[in-house]
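Novice: Below are the chains, spelled out letter by letter.
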Amino acid sequence: MRKGWRGSVVRQARRAIPIYLLVLGLVAMTLVVSPTFRTEQNFRNVVAQVTPLAAVAVGQTVVLLLGGIDLSIGSVVSLATVILSFSGRNGSLHIGPALLLALAAGALVGFLNGLGVVRLRIPPLLMTLASMAVVKGVALYLRDAPGGSVDRAFTRFLNWHAGPVTMFGLALLVLYLAAWAFLSFTRPGRHLYATGGDREHARRSGVNVDWTTILGYTLAGLVGAIGGILLAGRIYSGDPVIGDAYSLDSVAASVLGGTSLLGGIGGVVGTLAGAVLLAMTNNILNLLNVFSFYQYIVKGLILAGALVLYHVRGRGAHRAA
Amino acid sequence: MRPNGLHLNLNRRALESLGVYVFLLIILAIMAVVSPQSMTTGHLLDLVRQAAPLGVLAVGQTLALLVGGIDLSVEAVITLTNVVAAALMAAGDQTIPSALLFVLTIAAAVGTINGLAVAKLKIPPFIATLAMGTVIQGGYLVYTHGSPTGKIAPGFRVIAEGWIGGLPVAGLIWAVVVILVAILLRRTGFGRRLYATGGNPQTARLSGIPVTRVLVLSYALTSVLAAGAGLLLSAYIGLASMSVGAGYGLNSIAAVVIGGTSFAGGQGGLSGTIAGALVMVLLQSLLTMMNVGEPGRLVMQGLVIAGMVAVYQLRGARRGRARAGGPWPSVDPQRSASGQDYRAGSEGSGP
Numbered sequence: 037m038r039k040g041w042r043g044s045v046v047r048q049a050r051r052a053i054p055i056y057l058l059v060l061g062l063v064a065m066t067l068v069v070s071p072t073f074r075t076e077q078n079f080r081n082v083v084a085q086v087t088p089l090a091a092v093a094v095g096q097t098v099v100l101l102l103g104g105i106d107l108s109i110g111s112v113v114s115l116a117t118v119i120l121s122f123s124g125r126n127g128s129l130h131i132g133p134a135l136l137l138a139l140a141a142g143a144l145v146g147f148l149n150g151l152g153v154v155r156l157r158i159p160p161l162l163m164t165l166a167s168m169a170v171v172k173g174v175a176l177y178l179r180d181a182p183g184g185s186v187d188r189a190f191t192r193f194l195n196w197h198a199g200p201v202t203m204f205g206l207a208l209l210v211l212y213l214a215a216w217a218f219l220s221f222t223r224p225g226r227h228l229y230a231t232g233g234d235r236e237h238a239r240r241s242g243v244n245v246d247w248t249t250i251l252g253y254t255l256a257g258l259v260g261a262i263g264g265i266l267l268a269g270r271i272y273s274g275d276p277v278i279g280d281a282y283s284l285d286s287v288a289a290s291v292l293g294g295t296s297l298l299g300g301i302g303g304v305v306g307t308l309a310g311a312v313l314l315a316m317t318n319n320i321l322n323l324l325n326v327f328s329f330y331q332y333i334v335k336g337l338i339l340a341g342a343l344v345l346y347h348v349r350g351r352g353a354h355r356a357a
Numbered sequence: 002m003r004p005n006g007l008h009l010n011l012n013r014r015a016l017e018s019l020g021v022y023v024f025l026l027i028i029l030a031i032m033a034v035v036s037p038q039s040m041t042t043g044h045l046l047d048l049v050r051q052a053a054p055l056g057v058l059a060v061g062q063t064l065a066l067l068v069g070g071i072d073l074s075v076e077a078v079i080t081l082t083n084v085v086a087a088a089l090m091a092a093g094d095q096t097i098p099s100a101l102l103f104v105l106t107i108a109a110a111v112g113t114i115n116g117l118a119v120a121k122l123k124i125p126p127f128i129a130t131l132a133m134g135t136v137i138q139g140g141y142l143v144y145t146h147g148s149p150t151g152k153i154a155p156g157f158r159v160i161a162e163g164w165i166g167g168l169p170v171a172g173l174i175w176a177v178v179v180i181l182v183a184i185l186l187r188r189t190g191f192g193r194r195l196y197a198t199g200g201n202p203q204t205a206r207l208s209g210i211p212v213t214r215v216l217v218l219s220y221a222l223t224s225v226l227a228a229g230a231g232l233l234l235s236a237y238i239g240l241a242s243m244s245v246g247a248g249y250g251l252n253s254i255a256a257v258v259i260g261g262t263s264f265a266g267g268q269g270g271l272s273g274t275i276a277g278a279l280v281m282v283l284l285q286s287l288l289t290m291m292n293v294g295e296p297g298r299l300v301m302q303g304l305v306i307a308g309m310v311a312v313y314q315l316r317g318a319r320r321g322r323a324r325a326g327g328p329w330p331s332v333d334p335q336r337s338a339s340g341q342d343y344r345a346g347s348e349g350s351g352p
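The listed protein sequences derive, respectively, from chains P and Z.
Per this note's numbering, the very first residue in the first sequence carries number 37; after that it's consecutive.
Per this note's numbering, the very first residue in the second sequence carries number 2; after that it's consecutive.
What the hints contain is simulated information worked out from the structure, not anything from laboratory work.
Since the model is a prediction, treat every value here as computed from it, not as a measurement.
Some hints here could point you the wrong way.
[What the hints assert, rightly or not] Among chain Z residues calculated to face chain P with C-beta under 8 Å, some are:
(1) Ile128
(2) Thr135
(3) Ile210
(4) Ala307
[Claimed, not checked] Below, computed lysine to any residue pairings styled on SDA-like, alpha-carbon distance capped at 25 Å:
(5) Lys123/Z / Gly341/P
(6) Lys123/Z / Val334/P
(7) Lys152/Z / Trp164/Z
(8) Lys123/Z / Asn319/P
(9) Lys121/Z / Glu76/P
Just so you know, even glycine gets a beta-carbon here, dropped at the ideal spot from N, CA and C.
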């Protein structure tokens, strides 16, 4: 780690430049090709589609920066939608307690993940794989099939929009600004980077690596719940398995955005573009009438391509230094 | 490897897989109490038959973990094998050999690409195989247009449904696979090189081991064994299904780590994996017997994975503390720098 915070913040942002160029290029190309893409309606659609994944990916990025991974975050998303689905008409919860409960459940899952990784020394992939199963079990216990409804006033609030400005977009903006500020300018945020970069070194320089790790996982669980709450605002109901894909997709979004799986490198600035790229690939291929099954192939190739790119650049940087 | 290292290793490996066998016995004991009538040889052998696909797959996953990687594409390979085999075998028994040859070749190609991506492009195995899985998923969706057709030749279904001399054919296939791979791991130079590469790729490279070739071969074998599991499952269900592989990827990883193979690579073996696969299947069966629903099964599964791994890790840590004396004894600093925690595996850093 080089001197000062500013240097690393700039370096972090610079790492995200290629992915932003890619997204911009893609948008520009589609703007020209597809008239439908230019509509305000489609813009709102894209934002709404991006929102849950982009939100969840913030949590995943935090854990990846620690050198860990969170496979349970998708189940937390499902659980949050299920809890909120008891807040609608004929439901047993008011929206306030439901929101608190969803957030607390997410944070608790994350806390236990962190505890398992730190105290029981279970590798993160396995710890969160185990908690993924447990949380999914709980979500299925609460609601064995999609259903229920979310408080009307709350969904109306989340779906508010004025022109191209939507509540989803604003929520996402606030979440990313908060996460960026936290990671870049606060002591625990810097400790997160240090712990993920070189655990032993961080420990020797006085960072409480155990506490930092637990904090990171707890935040990831909390943010996962926020993603679930936003998703519930889109589907108006609860679904015990809807979040499954978010675990791996959020890893993909973070990695596309330049966050290293080895920990300590990257940040949420790139993650936003990564999530947008993943969600937009679908939207654009749909608008271009590409047979939907090709989307998987395109997604996989984009992911592999981005990794090769980062690796090659990373090696170049090594050589320069 | 320090002098005497191999000998110690073998003993320790045998000891380490003991835990999972104890656990297996406990499950069997509970089973005997819950439903005494299920404890017949026939029923138990039938459970072995049901465990065979996961068992074969877990053998492959063991190779990926031993070489310091992980393979998340096995689930997609299973489904691909199923839909392709069903399409090719639809014409009847005479098409079986060509269909087998074809699906195994595809699998070998998939594994080779996985291995090259990990070894040459230095993509972390987790992401390389995840991306590969996504591409394969797209591949079979395009191939089938979302609604697979065809069926498995009746003659081929023997491998899942047949019994020879009172033993299930699927179980025998599983046993043969285990024996062959065990010989490969324990009695050949390739096996030794695989352990060495998984233990520390840098050291392996420096001591002249062709790390790239070892990685490519290991991943190719993992994919071929995944195709084998796909064939067993296909013979079992008899038709093409898009969801045939669902859950098998993570279950195979769970079976391997429950069996004591280390996530850090280079440590573990097949003896534990056999029991790990049996534990996964018997546990499901036991919970079904006890009328525990899907939610309860998932919760139990999660607790078993976390519990078993915690036991292995804490035991390993106790041993390590005596040697190293640090607060992070289970992670040797050289490896932690390369981020082995989540399977960076063969990451060869350095300019």
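Novice: Look at each hint and say if it fits the structure.
Specialist: Results for each hint:
Because the smallest distance between the Cβ of Ile128/Z and any Cβ of chain P comes to about 6 Å, under 8 Å, the interface hint for this residue holds. Interface restraint check for Thr135/Z: the shortest CB-CB distance to chain P comes to about 4 Å, inside 8 Å, so the restraint holds. Taking 8 Å as the C-beta contact cut-off toward chain P, the hint placing Ile210/Z at the interface is violated, the least distance being around 22 Å. Contact between Ala307/Z and chain P, as hinted, is supported at the beta carbon level, the nearest pair being about 4 Å apart and thus within 8 Å.
Using a Cα cut-off of 25 Å, the hinted pair Lys123/Z and Gly341/P holds, with the two alpha carbons roughly 12 Å apart. Only pairs whose Cα atoms come within 25 Å are accepted, and Lys123/Z paired with Val334/P is accepted, the gap being roughly 21 Å. Note on Lys152/Z and Trp164/Z: the hinted pairing holds, with a Cα-Cα distance of about 22 Å set against a maximum of 25 Å. Of the supplied pair hints, the one linking Lys123/Z and Asn319/P is violated, its CA atoms being roughly 31 Å apart against a limit of 25 Å.
This hinted pair does not check out: Lys121/Z and Glu76/P have alpha carbons roughly 45 Å apart, beyond 25 Å.
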